[in-house]
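Asker: So you can see what is in the structure, the chains are spelled out below.
Number of protein chains: 2
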Amino acid sequence: MRQHRFQKDLPFSEAEYQRRLRQTRAAMDRRGIEVLLVTDPSNMAWLTGYDGWSFYVHQGVLVFHDRDPVWWGRNQDTNGAVRTVWMSDDDVFGYADPYVQNTELHPMEDLAYRLTVMGYEAPRLGVELENYYFSAKAYLALLENMPKATIVDATALVNWERGVKSREEIDFMRKAARISEKIVDGLLERVEPGVPKNEVVAEIQRDALIGTEEGWGDYAAIVPLLPSGSDAAAPHLTWDGEPFRKGEATFFEISGCFRRYHAPFCRTIFLGDPPDIFRSAEAALVEGLEAGLDAARAGNRACDIAQALAAPLERAGIERGARCGYPIGISYPPDWGERTISLRAEDETVLKPGMTFHFMPGLWMSDWGLEITESILIKDSGPAECFCNRPRQMYVKQ
Amino acid sequence: MRQHRFQKDLPFSEAEYQRRLRQTRAAMDRRGIEVLLVTDPSNMAWLTGYDGWSFYVHQGVLVFHDRDPVWWGRNQDTNGAVRTVWMSDDDVFGYADPYVQNTELHPMEDLAYRLTVMGYEAPRLGVELENYYFSAKAYLALLENMPKATIVDATALVNWERGVKSREEIDFMRKAARISEKIVDGLLERVEPGVPKNEVVAEIQRDALIGTEEGWGDYAAIVPLLPSGSDAAAPHLTWDGEPFRKGEATFFEISGCFRRYHAPFCRTIFLGDPPDIFRSAEAALVEGLEAGLDAARAGNRACDIAQALAAPLERAGIERGARCGYPIGISYPPDWGERTISLRAEDETVLKPGMTFHFMPGLWMSDWGLEITESILIKDSGPAECFCNRPRQMYVKQ
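Protein sequence lines correspond, in order, to chains A and B. Residues in the first sequence are numbered consecutively from 1, following our numbering. Residues in the second sequence are numbered consecutively from 399, following our numbering.
It should be emphasised that the hints constitute simulated quantities derived from the structure, not laboratory data. Not one of these hints is a red herring.
Derived lysine-lysine pairs resembling DSS-like cross-links, with alpha carbons at most 25 Å apart: (1) Lys777/B / Lys750/B; (2) Lys246/A / Lys406/B; (3) Lys352/A / Lys379/A; (4) Lys795/B / Lys580/B; (5) Lys8/A / Lys644/B; (6) Lys397/A / Lys246/A.
Note that this is a predicted model, so its numbers are computed, not measured.
Construct the complete structure from the given sequences, taking the supplied hints into account.
Answerer: This is the structure we're talking about:
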């Protein structure tokens with residue numbers, strides 16, 4: 001019987017968490033992993049419900065085959081864990097504060113000790129080697145403190161299990177998509193020559209957090225990106241206090257977020273009369289998007305979407321040179337992608353119903369840029385469904 | 399002669415960047431480091447001016463003794479780099495897109511190749527082993543591809559050089575502090591029983607990004623934290639759509655941000671009549687803060703602040719068990735601390751004029767919490783200066 005001191009507002013049903021745990025254990029089995037240490041905050045949340053901005057210190061979820069998972073982190077964050085995870089309060093372990101950001105102690109010493117006490121002195125231990133929050137030092141400290149363990153690279157093991165979304169998850173993404181639409185509507189209304197960029201971002205962030213009647217707004221895993229003019233060649237510039245200007249295009253890369261689920265959505269606004277180069281790029285891009293959506297069917301492969309997109313762009317003389325999308329769903333900063341499939345020529349992953357992607361064929365040329373994108377759901381049959389419902393075009397404001 | 403294709407709006411003077419580079423090279427010398435690979439985005443920005451939300455892929459700055467630093471990252475982000483760094487466009491290196499989030503290739507292969515071509519086949523190479531964005535896998539890929547290199551742990555080497563702020567940096571932090579004050583003023587005005595939390599966050603995020611007459615608002619490295627009632631025991635919970643309630647305290651942990659510089663500031667709002675336990679905790683905490691500010695003098699040590707704070711709290715029967723502060727300045731998600739000094743009993747670092755801290759003695763008890771904090775500047779003489787100027791108290795609204 002699980003013991004809980006606090007009432008919880010778990011985002012998902014018990015059945016949903018049990019499905020996720022079952023899938024994860026099966027994936028562990030396939031790689032002979034006895035204990036899995038999950039440090040990616042998105043994976044931690046997906047498995048347990050844990051939700052807090054504590055990923056700037058070491059923490060993790062341990063998954064076992066024969067007992068409920070364990071949440072492990074800084075002592076002061078155990079208070080957040082017992083309020084947000086579905087497991088018993090007894091399954092929440094905290095390490096002492098002197099381990100925090102101390103060059104002479106490492107939290108992995110505490111983790112190694114706990115595993116040993118639990119009877120795992122020499123486990124086949126899976127860790128996420130390629131992860132923002134599992135540092136090289138964490139790896140070395142774990143090796144040193146568990147000399148008998150066999151470390152198995154379990155990078156993206158859980159991420160792959162997240163790929164096909166449940167109905168409950170798709171419902172969250174639809175709520176996020178309503179927020180994305182609201183943000184884009186607000187941009188169209190407010191972007192004018194002379195208006196400072198930070199003021200427009202202030203208004204759309206307000207819109208995003210207020211949310212819609214269907215759901216309150218959470219913070220997105222990436223802040224709005226909105227470079228203008230020549231700067232739009234650079235996909236990841238944020239904003240400043242400079243005004244929007246006539247004769248310039250700005251692309252807006254944004255996402256609504258509902259309880260950590262995202263529906264990224266990008267549109268471009270041109271102030272004034274777009275030169276021919278924008279008009280022809282827009283036409284080729286929209287044609288490519290439509291071809292890509294049609295190729296985004298269960299049974300096709302990730303590369304089929306990329307190839308469908310590439311054909312009209314190539315005819316227009318545009319070579320992108322970057323992948324054109326990635327899976328999306330639950331996420332924490334710094335990225336809202338799942339880091340598994342990439343929509344590119346080399347990726348032959350077969351598409352399944354319930355997979356969700358940000359189909360993101362941004363054009364970043366040497367001194368201009370254009371983004372028109374869709375968040376999509378692979379259906380049982382037929383082409384992909386777009387989460388957002390707004391005209392697929394470059395918006396022009398005179 | 400440096401070559402730049404684009405006009406730049408560098409946040410700092412050439413002299414300031416040269417000071418930073420000089421200090422970093424001296425620190426490299428002390429540890430016998432020939433080439434330093436800096437992957438912490440805050441360190442990258444501090445050294446070069448680079449500013450973009452691209453830290454979700456591998457990137458870095460290489461610091462040498464005999465030539466300007468090199469910015470290295472994903473091809474598509476070189477467009478952002480040539481627009482934001484002070485070095486020549488030629489010092490910006492990009493790796494091809496197939497290296498991105500690909501399990502069979504790693505960007506560190508590209509980095510190793512470039513170093514070799516530059517004549518560094520067997521360098522003493524400093525890397526930030528304990529860093530969010532230098533993964534265990536990046537370390538292993540670097541070892542594999544540079545078998546003759548001697549890897550030196552340079553964790554926090556640059557962070558330590560950031561400790562003492564220049565006048566230019568302090569000016570940015572003062573601008574951030576004006577934004578922090580505006581956020582707290584907005585909270586006091588808006589927090590009422592029945593108002594949903596996400597709506598209040600929406601309004602204060604708008605305030606934060608609009609900024610003040612002194613400067614436009616940038617995104618803070620941490621989103622607002624604002625747990626209420628029993629949840630305030632948990633320092634890192636974000637918000638939801640639930641209303642504020644009468645009889646509950648909520649602490650607000652926020653920071654204004656101006657061009658990536660922060661001035662974190664926390665206040666607590668109690669709706670209704672606070673019980674005695676809050677009143678006595680508030681009195682002890684304010685007394686402790688004032689004792690700590692008085693101890694925060696050049697020549698004293700980090701632990702002196704912690705001990706000055708602890709005495710009145712102990713008299714009130716409150717044992718905190720966590721550090722009470724950390725250095726602040728430039729930062730990117732997920733943390734606005736510098737991860738060097740900790741204000742705690744074990745840290746004997748001597749305080750110097752120009753150091754800046756978030757003096758952060760949060761009280762997180764088992765089922766309540768209270769935060770009253772100050773961002774501070776160590777002066778040439780006398781007690782610390784507070785960046786923000788608002789009453790040091792728990793706010794009570796009837």
